[in-house]
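Produce the complete structure using the sequences and hints provided.
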Amino acid sequence: MAKLKTIALTLSGLSAVSGAAAAQNATPNQTGMAMMRLNSALLDQAKAKTFGSGSLWASLKKDFRMSEVNSELVRRHESKFAANGAYFDRTITRSKPYMYHIATEVKKRNMPAEIALLPFIESAFVTKAKSHVGASGLWQFMPATGRHFGLEKTPLYDGRHDVYAATDAALNYLQYLHGLFNDWSLALAAYNWGEGNVGRAVNRARAQGLEPTYENLRMPNETRNYVPKLLAVRNIVASPQTFGMNISEITNQPYFQTVSIDKPIDNSTIARLANISESELLTLNPAFNAPVFIPKNNRKLLLPVSAVSAFEKNYRNANPETLLSFNAYTSARNTNLNTIATETGMSVAEIKRLNGLNSNSLSEGRTILVAQTDTATKQDMINFIDTDNTPDTYRSNMPTMAPIQTAELKTDTVKKVVAPANTVAQEPAPTTFDFVANTKAATAPIAADAVTTAQNPNTEQPEAAEPPTYEELQARIAELEGQLKDSELRGLANEQNLRRRHQQEIADTHKFAGQKFAAEMLPVKDYLEMALLDQSGNFDALKMGVQMTLNELQKAFDATHIKEINPQPGDKLDPHQHQAMQAVVSEQEPNTIVSVMKKGYTLSDRVLRPAMVVVAKQES
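For what it's worth, my numbering labels the leading residue of the sequence shown as 1, then goes sequentially.
Derived from the structure by calculation, the hints contain no laboratory data. Treat the numbers as computed from the prediction; the structure is a model and nothing was measured. Built from N, CA and C at the ideal position, the CB exists for glycine as well.
Okay, derived cross-link-like pairs now, DSS-like style, lysine-lysine, Cα gap no bigger than 25 Å in a straight line: (1) LYS563 <-> LYS516; (2) LYS62 <-> LYS96; (3) LYS108 <-> LYS62; (4) LYS300 <-> LYS96; (5) LYS313 <-> LYS296; (6) LYS107 <-> LYS300; (7) LYS263 <-> LYS300; (8) LYS599 <-> LYS572; (9) LYS300 <-> LYS108; (10) LYS617 <-> LYS599.
Label-pair ranges, simulated between beta-carbon atoms: (11) ILE506 <-> THR258: 35 to 41 Å; (12) GLU495 <-> SER277: 17 to 23 Å; (13) ILE506 <-> SER279: 18 to 24 Å; (14) GLY514 <-> LYS543: 28 to 34 Å; (15) PHE517 <-> SER279: 28 to 34 Å.
See the structure below:
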C-alpha cells in the first residue's frame with residue numbers, strides 16, 4: 001500500500017507539470033526528478049525482467065534501440081576499436097563480473113540496452129578509475145553528483161566505487177536526464193557535459209531555427225564523440241564478425257549475489273568464511289578504503305553466487321568477537337604516535353609498520369589502522385569515522401526551455417557496417433587497476449573519455465564553467481584529502497602483495513625453468529632404455545632404434561626452439577655463432593669455413609654453443 005501511495009503521489013506531481021502548466025509551474029529539473037521518481041516507484045512494484053539462458057550479448061542485442069547519430073564519427077570509432085582488438089577484449093573481460101547485473105537493471109527500467117555498455121566508455125570497467133577532473137568509479141561520478149544521488153563518501157567508504165549502489169545511482173541519474181530532454185542521446189550528452197550546458201546548447205540551436213538534435217548542438221569534442229563512441233561499441237557487440245573481431249562470451253547468469261550482514265567484519269574473515277580469495281572479494285566490493293566491510297544504510301556485500309551458501313552458514317556459526325580484528329583510528333588533531341600507542345596498547349614501531357608511516361606524528365584528520373580495543377567501544381568508533389559530513393552541494397543549472405519533442409526510433413536490429421580497411425591510429429588504453437592481480441596502483445588516473453579526433457578550427461569550445469561555490473571547494477578539498485589517505489593505506493598493501501607475488505614468481509621461475517624441455521626429453525630417455533634392453537645383436541635394429549631416438553630428440557629441440565648452427569664450407573666466419581678451433585692453409589678466402597668439427601645450437605636466438613669450425617688461412 002505504501003508503494004502504491006508513492007506512485008499516486010508521484011503521478012499527482014507529474015499531473016501538475018503536464019502540458020502548458022509545465023512551463024509555468026515546474027522547472028525542467030523538477031520535471032526530470034518527477035520522472036525519475038515515477039520510474040523508481042514503478043520499478044519497485046514491477047517484477048524483475050531478466051534475460052533468458054544462453055549468451056548475454058545475444059539477449060542484449062535484442063534490446064538495442066538507439067538511433068545512430070553522426071555516422072562518420074561512429075565509423076571512425078569502430079575502426080579504432082577494430083584496430084585495437086586486444087584492448088577491446090580486455091575491457092570485455094573486466095566487465096564479466098558486473099555486466100549481467102548492469103544489463104538486468106537496465107532492462108528492468110526499460111532503458112535502451114546500449115546504456116549497459118556505458119561503463120566501457122566511462123571507465124573501461126575499472127572499478128576505481130579516476131579522471132583528471134575528479135570523477136571516479138565504473139560510472140565516473142563527480143563527488144557532488146554522486147552524493148546527490150545517494151552515494152556516500154566517508155573516510156572508510158566511497159559509494160562511487162560500489163558496483164551495486166553506483167549502478168543504481170547512474171541509472172537513476174540517466175532517467176532524470178531523459179526526463180529533462182526526452183531523448184536518450186541528449187541525456188547521455190548531459191551525463192558527460194552537464195545538464196545545464198546541454199540545456200543552453202538546445203536553446204541556442206532553437207534560436208538559430210534548428211531542431212535540438214544531438215548533431216545540431218554545438219558541444220565540445222569530447223561530448224560530440226561521446227555517443228558515437230558508445231554506438232561503435234554497440235555495433236561491435238552486436239556483430240563482432242563484421243569487424244573481424246571475436247569478443248568473449250558472457251552467460252546469462254548472475255556472477256554475484258547480495259548478502260546482508262549486521263556487524264562490521266574483516267575482509268580477510270569474509271574471504272575465509274566464503275572460501276574465496278581476498279582479491280576476488282575486492283573485485284566485487286572495491287568501495288571500502290580499509291580492509292573491513294561496514295554494514296550501513298543500503299550497502300550490499302557482494303559475493304560470488306557459488307560462495308553465498310557457505311558464507312551464510314559459516315557467518316551464522318561464527319563467534320561475533322572474532323569477526324573484527326582491528327579498529328580505524330582518526331586523529332582529531334596533530335597527534336604524536338606515542339599518545340596513540342598508549343591508547344591502543346601498540347608500540348610506535350608496530351603502528352608505523354602497519355600503516356607505512358615514516359614520521360612519529362599523525363596529521364589531523366588522517367585515518368590509520370590500530371589494534372582492536374574494547375569491543376563495546378569498537379562499533380561506536382567505526383560508526384563515528386564512517387560518516388559523510390560533506391553537505392550535498394549538487395545544484396541543477398538547467399536553463400528555462402520549452403519541452404523537446406523527439407521521436408526516437410526503435411531499431412530491432414543494428415545495422416552492420418564493415419570496418420574500413422584504412423583504420424585510424426589506435427586509441428590508447430586507459431590506465432587500469434586490476435584487483436585480481438593486485439599489480440596496479442589503486443589511484444591510477446584514467447581519462448573519462450579517451451577520444452582523439454582531428455583538429456577542427458571551427459569546433460565549438462566548451463562553455464566556461466561557473467565559478468565553484470564555497471561548498472564545492474570544501475567538497476573538493478575533502479575529496480583530495482580522502483584520496484591521499486586512501487592511496488597511502490592501499491599503496492602499502494599493494495606494494496607488499498606485489499613484492500610477495502614477485503618473490504614467488506622468481507622462485508617458481510628458478511625452480512621450474514627447465515620443465516618444458518625436461519618433459520620433451522622423457523621420450524628420448526625411454527628409447528635409450530629400450531635400446532639397452534635389446535639383446536638380439538641385430539645391428540640394423542639397433543641403428544633403427546638410434547635413429548628413432550635422434551628423431552625424438554629433434555622433436556624436443558623443435559618444441560623448445562633449439563636450432564642447429566651448421567655452417568657450410570666457404571661461409572664467412574661469424575664470431576657471434578662460430579668458434580675457430582683450427583686454421584689451415586687452403587685455397588679458400590681467409591677466414592672462411594673449411595669444415596665443421598661440432599655443430600652449434602641456439603635457443604630462441606640466444607647462442608647455447610657456437611659451432612666449432614676449421615677456418616682457412618693464407619700460406620705464410
